[in-house]
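Heads up: the sequence lines are chains A and B, in that order.
Each residue of the first sequence is one higher than the one before, starting from 24 at the first, in this note's numbering.
Each residue of the second sequence is one higher than the one before, starting from 86 at the first, in this note's numbering.
One thing to keep in mind: the hints can contain errors.
Said to hold, decoys possible - When the alpha-carbon atoms are kept at most 27 Å apart in a straight line, the in silico DSSO-like pairs for lysine-lysine are as follows:
#1 LYS363/A <-> LYS106/B
#2 LYS106/B <-> LYS226/A
#3 LYS183/A <-> LYS226/A
#4 LYS133/B <-> LYS353/A
#5 LYS271/B <-> LYS218/A
#6 LYS183/A <-> LYS196/B
#7 LYS363/A <-> LYS376/A
#8 LYS183/A <-> LYS106/B
#9 LYS218/A <-> LYS133/B
#10 LYS353/A <-> LYS271/B
#11 LYS106/A <-> LYS165/B
#12 LYS106/B <-> LYS331/A
#13 LYS350/A <-> LYS164/B
#14 LYS337/A <-> LYS165/B
#15 LYS183/A <-> LYS133/B
#16 LYS350/A <-> LYS331/A
#17 LYS106/B <-> LYS350/A
I should point out that these hints are in silico values taken from the structure, not numbers from a laboratory.
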Amino acid sequence: MEVATAPAKANTTQPIMNITGSEVVIRSLLAEGASTVFGYPGGAIMPIYDALYDFNDQLQHILVRHEQGAIHAAQGFARTSGKTGVVFATSGPGATNLVTGLADAMIDSTPVVCITGQVFAHLLGTDAFQETDVINITAPVTKWNYQVTDASEISEVIAKAFYIAASGRPGPVLVDITKNAQVQKIDFAGHTPCKHIRSYRPKPQVRNEFVEAAAKLINEAERPYILFGQGVILGNAESEFKAFVEKSGIPAAWTLLGLSALPTDHPLNVGMLGMHGNYGPNVLTNECDVLIAIGMRFDDRVTGRLDKYAKQAKIIHLDIDPAEIDKNVKATVPVWGDCKETLPLLTNLVAQKQHTAWVQRFRDMMDEEKQAVINHECDPKSGEMTMGEVINLLNRLTNGDAVIVTDVGQHQMVACRYATFNQSRSNVTSGGLGTMGFALPAAIGAKYGAPNRPVVAVIGDGGFQMTLQELGTIMQFGADVKIIILNNNFLGMVRQWQELFLEKRYSFVDITSPDFVQVAKGYYIDGQRITDRSHLEAGLQTMLNHKGSYLLEVMVAKENNVFPMVPQGCGVAEIRLK
Amino acid sequence: MKQSFAQAFMYSPNSGSASIKEEYTITVYTENHIGLLTRISILFSRRKINIESLNTSPSEIPGIHRFNIVIHETEEVVKKLVRQIEKQVEVLKAYYNTNDEIIWQEMALYKVPTSEIAAKAKVERLLRQYGARAVVIRNDYTVFETTGHREETDQLIEVLAPFGLIEFVRSARVAIIKASAGFHEKLREFEQAEPGEEVIENEYLDKQQEVFSM
């Protein structure tokens, strides 16, 4: 038996006679290199938990407080570690509680394998206790799912699950195992990882003629512009990407999930795209002549109105998923493939260049944005505290080395705009789905995925109340997660829209909170509330120095807005600074 | 460049205007796996696209299944849909075609009272005219069958209605792509190199009394 942290090798396990399907589940997970499982037991998955009892020294199990917490934790784990997150949940409500996390992992391409218990195969379709049609409920939010009704299928299906979850464009996979298969005894021949499925093409073939066409466009361009997304991180192509950026001298802007793929202080990192992105990166999208999109999918929050998006530019689109090419923005030259393979090919063919005047335009616009927005947001000196100044101080105290996990809303936009990062896999957030309640459980998983790095969860007062029960998980397992609640006593992003577009009709955005510090204390987690700027730095330092988890609640301005902003239905060039 | 990419990637020589809705027949080659029908059909329902006709059956290659799906949409929408279908792990290949790129048929059955048929000799002539044939003749009713395009099978309903049509049913469209020889060869080689796996069904549904459960 190999140790839990060793990577999977072909045929790693020996044949074992007469063991239960449940034991096969555990042995297969270990052979796949799983080290940590986030889960919650229940009737239909009891045999698997019984088998886990004997493997507790090899397969660490983190008992969450709600299955949604388990899958968000597995997502956080996957995002920081680059490995596949693993979840256990029982049938019925246990499985349906995973749906939000599956949808989140699907839209954000996060590799997760969920194992759910299911009622006995002969009870399927009888409305048995805790029976629900998990396969059909989760079909639209999984990359693949499968129901096992016989123990002989288990090892092969788990092998397929891991292969599908992590290969190509990653995504969540769910394996539903009926209880009879869990208790059934079989002779287990050993687990063989899957390397190929005949109907599945994880990566499209790289076609050199398109790489050459792309290089030609780039070399002829006067104002080329790179947009990069999470594909760079998922492809482990950060260094290939950096080499491409540096040789071509092209300014590069990131999507919400591309954040941290290129260090913040890199001279060609020009900032964030999208609705609350930076001024220059949005405006200059409509002035570049060649747009090079790498591992990003032209989400509507990035593009604004499509008929006013980069109409003047030739578009080069690098993506591993052929369905993304031409989905939202027509590609002049599509470059299918894993960017880890295509970027070096492209780097080879592009001329070494500097686009000094063009890059300077981004810098000039950044200066404008600083004057109009950033200086005040990040260093207000007087008046109410701002979210930006908290992030700014945090940058200073962590030197940009922390993993920052954010929830959804104003604090998320502020944190992603202003947080500084030195290394990849440092930004964990719910991008595509916008799942409030994501951050606290995701931060727990992020810590298990990157145990040697500081993990700071930045959460709003609304989102924190959606999954605060996971403080119990932190309490029980001692995950060293620092929690900053940016409390503006509002559901701030919705309030901002109501202020700007609905004549300040604040419909149900005024949310009351408990005493968060006392709540944390109830879970034996230390913390304090900061109401005054003069205590903020000391408070953050206390939090970072504290051994173990700590909660810092910061009372920020109630009615502050996130700017710049591309109003809905507007083009990116119509971005507003105030 | 845009157009050449589309043509290289999709099997579609049609390069007509993208914004006109017309009938498209989507052909999907898949594994024979439980649940795949759902995975494919929800791609349509998610976008609120009505499926006009759906047929699923074994293909000419044992071990490989074939879907024929008919929808009324623009080429732009169909093209994106077909890519989403191809993205499914258990889908081998998907194509879309306009009606002039395929040969297709639908089959229809018509149940009529035998007494009416027997009394009116005109019916026999009509049936011959529409290429129909009798599949069952009983004292009480007779069932006719015909195959053809939608308009043809529709016409026969109108013709038979005055004779007391009791029941009518029409199958989904089955379609063959005119220029499919190349892919057929590839598919055959593919199946020979790597035969598909047998589908595993639930063997326990009729064994409720024999199994302990909790």
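Against the structure, the hints come out as follows:
Proximity of LYS363/A to LYS106/B is assessed by CA-CA distance (about 39 Å); at most 27 Å being required, the pair is judged violated. For the proposed pair LYS106/B and LYS226/A, the alpha carbon gap of about 32 Å is over 27 Å, so the pair is violated. Between LYS183/A and LYS226/A, the direct Cα distance comes to roughly 16 Å. Compliance with the 27 Å bound is thereby established for this hinted pair. Between LYS133/B and LYS353/A, the direct Cα distance comes to roughly 23 Å. Compliance with the 27 Å bound is thereby established for this hinted pair.
Taking the CA atoms of LYS271/B and LYS218/A, the gap is about 22 Å. The hint holds against a cut of 27 Å. With a CA separation close to 49 Å, the supplied pair LYS183/A and LYS196/B exceeds the 27 Å bound. Of the pairs offered as hints, the one joining LYS363/A and LYS376/A holds, with about 22 Å between alpha carbons and a cut-off of 27 Å not exceeded. Under the criterion of a C-alpha separation no larger than 27 Å, the hint pairing LYS183/A with LYS106/B is inconsistent with the structure, at around 39 Å.
Under the criterion of a C-alpha separation no larger than 27 Å, the hint pairing LYS218/A with LYS133/B is inconsistent with the structure, at around 36 Å. Distance restraint check for LYS353/A and LYS271/B: the Cα-Cα separation of roughly 30 Å exceeds the 27 Å cut-off, and the hinted pair is therefore not satisfied. With a C-alpha separation of about 31 Å, the suggested pairing of LYS106/A with LYS165/B is violated against the 27 Å cut-off. A threshold of 27 Å between alpha carbons decides the hint, and for LYS106/B with LYS331/A the separation of about 25 Å falls inside it, so the pair holds.
Between LYS350/A and LYS164/B the CA atoms are separated by roughly 9 Å; this keeps the pair inside 27 Å, and the hint holds. A threshold of 27 Å between alpha carbons decides the hint, and for LYS337/A with LYS165/B the separation of about 21 Å falls inside it, so the pair holds. This hinted pair does not check out: LYS183/A and LYS133/B have alpha carbons roughly 31 Å apart, beyond 27 Å. Distance restraint check for LYS350/A and LYS331/A: the Cα-Cα separation of roughly 16 Å lies within the 27 Å cut-off, and the hinted pair is therefore satisfied.
Distance check on the hinted pair: LYS106/B and LYS350/A sit about 18 Å apart at the alpha-carbon level, within 27 Å; holds.
Hints 1, 2, 6, 8, 9, 10, 11, 15, counting from the list given before, are not met by this structure.
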